[in-house]
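Protein chains in written order, with our numbering: chain P, 1 to 258; chain W, 259 to 503.
In case anyone wonders, no lab produced these hints; they're calculated from the structure. Bear in mind the structure is a predicted one, so any value in this text is a computation, not a measurement. Every residue gets a Cβ at the ideal spot worked out from N, C-alpha and C, and that includes glycine. One thing to keep in mind: the hints can contain errors.
To be verified - Negatives, chain P to chain W, calculated, CB over 10 Å: (1) Leu23; (2) Ala78; (3) His137; (4) Ile151; (5) Tyr189; (6) Pro190; (7) Ser192; (8) Phe202; (9) Asn225; (10) Phe240; (11) Ile242.
As the list claims (entries may be wrong) - Distance ranges between label pairs, derived from CB positions: (12) His277/W - Leu204/P: 40 to 46 Å; (13) Val222/P - Tyr276/W: 52 to 58 Å; (14) Ile5/P - Lys347/W: 15 to 21 Å.
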Amino acid sequence: MIKKIIEIYRYREMLRNLVSKELQARYKNSVLGFFWTFLNPLLMLAVYTFVFSTIMRSDIKDFSVFMFIGLLAWNYIAGSVLQGTGCLVSNSSLLKKVYFPREVIPLSIVFANMINYILSMIILLVALLISGIGIHHDILFYPVILLVQTIFLIPLVLILSVVNVYFRDLEHTVNVLINLWFFVTPIVYPISIVPEHLRIFFYLNPATHIVEAYLAIMYYRVAPNLPALFWMFVGSIIFFWIGYLIFDHLQRRVTEEI
Amino acid sequence: MSEIAIETRELYKEFRVYHDRAMSMKERVVNWGRHKYEKFWALKDVNLRLEKGKSLGIIGRNGSGKSTLLKVISGIYYPTKGEVKVNGKLTTLLELGAGFHPDFTGRENIYFNASIFGFTRKEINAKLDEIIAFSELGEFIDNPVRNYSSGMYMRLAFSVAIHIEPEILLLDEVLAVGDSAFQEKCMSKIKSFREKGVTMIFVSHASMQVSKLCDKAVWLKDGMIERYGDAKGVVKAYERWMDTR
Ligand SMILES: Nc1ncnc2c1ncn2[C@@H]1O[C@H](COP(=O)(O)OP(=O)(O)OP(=O)(O)O)[C@@H](O)[C@H]1O
Ligand SMILES: [Mg+2]
Chain P
1 MIKKIIEIYR YREMLRNLVS KELQARYKNS VLGFFWTFLN PLLMLAVYTF
51 VFSTIMRSDI KDFSVFMFIG LLAWNYIAGS VLQGTGCLVS NSSLLKKVYF
101 PREVIPLSIV FANMINYILS MIILLVALLI SGIGIHHDIL FYPVILLVQT
151 IFLIPLVLIL SVVNVYFRDL EHTVNVLINL WFFVTPIVYP ISIVPEHLRI
201 FFYLNPATHI VEAYLAIMYY RVAPNLPALF WMFVGSIIFF WIGYLIFDHL
251 QRRVTEEI
Chain W
259 MSEIAIETRE LYKEFRVYHD RAMSMKERVV NWGRHKYEKF WALKDVNLRL
309 EKGKSLGIIG RNGSGKSTLL KVISGIYYPT KGEVKVNGKL TTLLELGAGF
359 HPDFTGRENI YFNASIFGFT RKEINAKLDE IIAFSELGEF IDNPVRNYSS
409 GMYMRLAFSV AIHIEPEILL LDEVLAVGDS AFQEKCMSKI KSFREKGVTM
459 IFVSHASMQV SKLCDKAVWL KDGMIERYGD AKGVVKAYER WMDTR
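Please take these sequences and the hints and turn them into a complete structure.
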């Protein structure tokens, strides 16, 4: 694994190029270009604020901000998973022509989504200030949570992308399951409305811990649940290692199967 | 004895030829255990040894496994059995312009294409002017690649490929591109690689080229080595065999 990391480091320029290609491709041929990065979450926020302040009044204070925090974190997960599952298949011509560590492609998807997420944080910070919630010093935990989230996402995307080469309908399955995953993650509702005896199941969902941690530092203005975050980190590291092994094994016949 | 650059030991490559390809999970699960494919050995017991600075030509009929051998050596394919040892930085050119993006300019594509070969931005910057000059594209370099003629496209791609200063270079019939003047340039570049001591393996249907440019040659027949040795001898034997058919 150390050897692999060194090799990927040697291909860092390729990784960088793939990430910027990914980001540019998303906004190329649009007049507003890269501003879509900001416009998209901004519109989202505007719509939610409107809906929840006039149409569906919610008991939760600043519900649009509450939801926006969870939604941006969720977009990082969903974007990586949805684009990541098909990424090896859609880059088949490149894989067939040149050797490079295959991990570079799924990694570029995760990193592109991470950069998108970080950029959209600017809007979120502005929203926190305007809504009066303000920015608390616990926001300094942000990079830690982001790191844990990323360490969890990388193996997930690695596994999905390589399995999709052998089972092409995984992509459709993922498209369906991701919606289910969204609704079992406390994004459009707070975890507190979940009946106590069911909560344990919600906490088996890694996305719950991630969203909860972001809510803690930005919405509730407290430190995140550190033991939970720590175990999430340990779990992610183990998952990372498993993901690496699975990918390393299954990638051997990837070039000839796509 | 001088250092070995490439060595293959009892190399085998098996492909699965599917008759009725099951691609969905349901089909795979339903047909679990039942083999829906046939095994096809594209390489059988290939043993090669190439010393540093030497060049090796691979000849053989269509489908004899030449490209497969290059891909296994380069790491694109994983060998089914046996092993490949590579000692040095390896560059493979199977097809020119891998990863070119039509919407990006020639210049942007130079960066992307070179990075695929594992080069850093600094290394690319150092070579940029030379690459552009060699491609003879002039001001077209800042136009999107989608507006290039196929010849221009090939020139740019070859120009990138040739400037990456490989230690070991694997070429698969990429020499037959561009007009004759450009081909001449490529040939002289390859000769200069030889003089600089770059180890090379190339696949070619032009046996003349092989006997001129290579020290050694290997003749593949149905995935097996039919003959391996001095380039002139192998080429002669191959041509004689082709004539009798
Ligand atoms: N991905 C693959 N799946 C199944 N069979 C394959 C695959 N790639 C190659 N083959 C088979 O392996 C054999 C060798 O192919 P290869 O491309 O190495 O031939 P070649 O010597 O390069 O031929 P050519 O001179 O036409 O380039 C062929 O019979 C081909 O059908
Ligand atoms: Mg071939």
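So, going through the hints one by one against the coordinates:
1. Leu23: 13 Å, holds
2. Ala78: At about 21 Å from chain W, Ala78/P clears the 10 Å cut-off, so the statement holds.
3. His137: Given a closest Cβ separation of 37 Å, the condition holds.
4. Ile151: 25 Å, holds
5. Tyr189: 32 Å, holds
6. Pro190: 36 Å, holds
7. Ser192: The claim holds: Ser192/P sits with its nearest Cβ about 38 Å from chain W, beyond 10 Å.
8. Phe202: 28 Å, holds
9. Asn225: The assertion about Asn225/P holds, with a minimum of 37 Å to chain W.
10. Phe240: Check passes; 23 Å lies beyond 10 Å.
11. Ile242: 20 Å, holds
12. His277/W - Leu204/P: 40 to 46 Å: Roughly 43 Å apart at Cβ, these two residues keep to the hinted range, so it holds.
13. Val222/P - Tyr276/W: 52 to 58 Å: For Val222/P and Tyr276/W the Cβ distance comes to about 56 Å; the hint holds.
14. Ile5/P - Lys347/W: 15 to 21 Å: 18 Å, holds
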